[in-house]
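**Student:** Please work from the sequences and hints to get the whole structure.
The sequence shown finishes on residue 1181 if you use my numbering, and the numbering steps up by one all the way, no holes.
Since the hints were made in silico from the structure, they are not lab data. Honestly, I wouldn't trust all of these hints.
So the derived label-pair ranges between C-beta atoms look like this [stated by the list, open to error]:
| id | residue 1 | residue 2 | range |
| --- | --- | --- | --- |
| 1 | Glu730 | Ile799 | 42 to 50 Å |
| 2 | Leu854 | Ile984 | 54 to 62 Å |
| 3 | Lys1111 | Ile862 | 21 to 29 Å |
| 4 | Trp931 | Leu742 | 47 to 55 Å |
| 5 | Glu982 | Thr1167 | 37 to 45 Å |
| 6 | Gln985 | Asp1018 | 38 to 46 Å |
As the structure is a computational prediction, the values presented were derived from the model and not from experiment. All C-beta atoms in this analysis are idealised placements derived from N, C-alpha and C, irrespective of residue type, glycine included.
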Amino acid sequence: MHLFTKYLFFLFLLFTYSNINAEQPQSFKFYAQESPNWSKPTIESSNWLEFDRNVRAYPKSGIFWLEIPISLEIERPPQKDWELTVHMLAAYDVYFNDELIGNNGMPSMHIEGEQPGMVWNSFLVPDHMIKAGHHKLRFKASTHYSEPNMKLTREIWLKPYDAESKYIRVWSLIPALLVSIASVVGLYFLFLFFSDDKQYEHLIFFVLLQGMMVYGYAIQWDHLVGYDYSSEITNLLVEQFSSITVLYSLPIYFLLKHKVAYWWVWIIGASFTTVIAMNYVDLSDEKILWGCSFLLSLYISIWYGALKQSRFWLESMGIAVCLVAIFMQNLEDLFIYFPILFSFILLTQAINTRERRIALKEAEYIQAKLNAELLKKHIQPHFLLNTLTSLMEWVETDVDKSMNFIALLGDEFRMMAQMSNKRLVPLSSEIDLCEKHLSLMSMRLDCECELSKNICNGQVLIPPGILHTLIENAFTHNVFTEQKLIFQLIQTKVSLTEYSIRLTTPKSKNRTSEFRKIGAGTGTKYIEARLNQCFGKHWQFSVDETEETFTTDIRINYLKIKQ
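**Tutor:** This is how it looks when you write it as structure tokens:
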């Protein structure tokens, strides 16, 4: 229910942003097909149809005419020619007040005769044609190489000619430089992914920055390298693919970084919402989709990050800056502000890395302390005293038995020393250690100690010594007189990632209140410390006592192993 409330709040923000940022499509007039006697635009255009430049609702075949009204407000006649810059996906001849001022490619009634025009082109408008008032800009065009729903006109502007503007300026290369830097930063996060226990938010951020780099070059490619409009479909596919990569990677990164449960529900919900929203708002403008992605990321960053740890406010501020850039300007300007975001992300990453190193040192200290505790616990004075006492008796009466006892004791100590340096060991190895100890205790007590096993997966990992500690506790806190002692170990698969290990140990009949003290003993504290170190909070430890047995149940969720 809490997650559903958050999702409803995000829907409200999404539709609010979509309605604010929606633009009305600009309409021009057009005349489909060319009249046989009409080689110049002399026909009256009052009965021409409205042309929507975003969605082409006219036949693609043949030649069409497009009229764009221009209104100039100038105080005095210009002293030099003006420049008409056109970004149009077509082959066309361009007319200013019904006078031909240039062509781009060669329009034709049929695809065989068309020569595709460049996506960008400029034309000089003589100074004597530039006067205050209303003018008509007309294009005789064909678009045989275009695809359905491709925009025809992108940008058209008329301004005084400036020769210096034809040279590449340093500032115009800033977006390309910034996306290149982003790509290098992405490689750093890829290195972190392979060297830092494969945290997938690092991999997603690498994908995000590489997608941003490809998108940046895709939208700038027509400025950097000229090409005709027949190649625009390839560039658009690259642009759309990289755009989708960025739009999905950005919120996924923050969902994984802040360890949001059921993060995939957010992504499916956002995708479903976008599909529904397409029926109510115009999502053909990429700014709306980009804005929604950054809006979702901002919501996640604040709700799951900044409100819990203050340093994540930097990331939230960076997302907000990018969101303002999308809303107030255009997507190309986003690449000037986006480095602010990944700079803040790098800063928080540095802080996280420092904290993780401190935590790692503490974990190593705890690990060393636990290893020492395991060995110290095993070589307890009373254990050695009782063992050596038995050994002294056997040396005098039964040399062979004493030699076997020494061999078993050495094997157990050797196995314990090997396992104490490991963080996790297979369950089968722990069982081998327990059976070594039971063999030793069988000789020492002159009885049969047996471990009954029912194991479904001996390769699951557990901290070393935890079952051995429970068995040893049974001998330490009981005085057994029976000739046969049965220890029962049962492993159960609770779910796909969760296992239960139940160990039942015998209890001496004359044992009363002293046995209950084991629950607060050193052995239990060692077991809980080991489980907490390896599995965090994703384990359960419970005990159950009867008149004849003491049962310990350890349940572990292996999906949440701490790194």
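**Student:** Can you let me know if the beta-carbon spacing of Gln985 and Asp1018 is within 38 to 46 Å?
**Tutor:** Cβ of Gln985 to Cβ of Asp1018: about 41 Å, so the range 38 to 46 Å holds.
**Student:** Is 54 to 62 Å a correct range for the gap between the Cβ atoms of Leu854 and Ile984?
**Tutor:** Roughly 56 Å apart at Cβ, these two residues keep to the hinted range, so it holds.
**Student:** Hint says 47 to 55 Å; check whether the CB-CB distance for Trp931 and Leu742 agrees.
**Tutor:** Once the Cβ atoms are compared, 53 Å apart, the range 47 to 55 Å for Leu742 and Trp931 holds.
**Student:** Given the hint of 37 to 45 Å, is the C-beta distance from Glu982 to Thr1167 inside that range or not?
**Tutor:** holds (38 Å)
**Student:** Look at the Cβ atoms of Lys1111 and Ile862 and judge whether their distance stays inside 21 to 29 Å.
**Tutor:** Violated - the Cβ-Cβ distance for Lys1111 and Ile862, about 40 Å, lies outside 21 to 29 Å.
**Student:** Against the range 42 to 50 Å, how does the distance between the Cβ atoms of Glu730 and Ile799 compare: consistent or not?
**Tutor:** With Cβ atoms ~46 Å apart, the hint holds.
Checked against the numbered hints above, the structure violates only hint 3.
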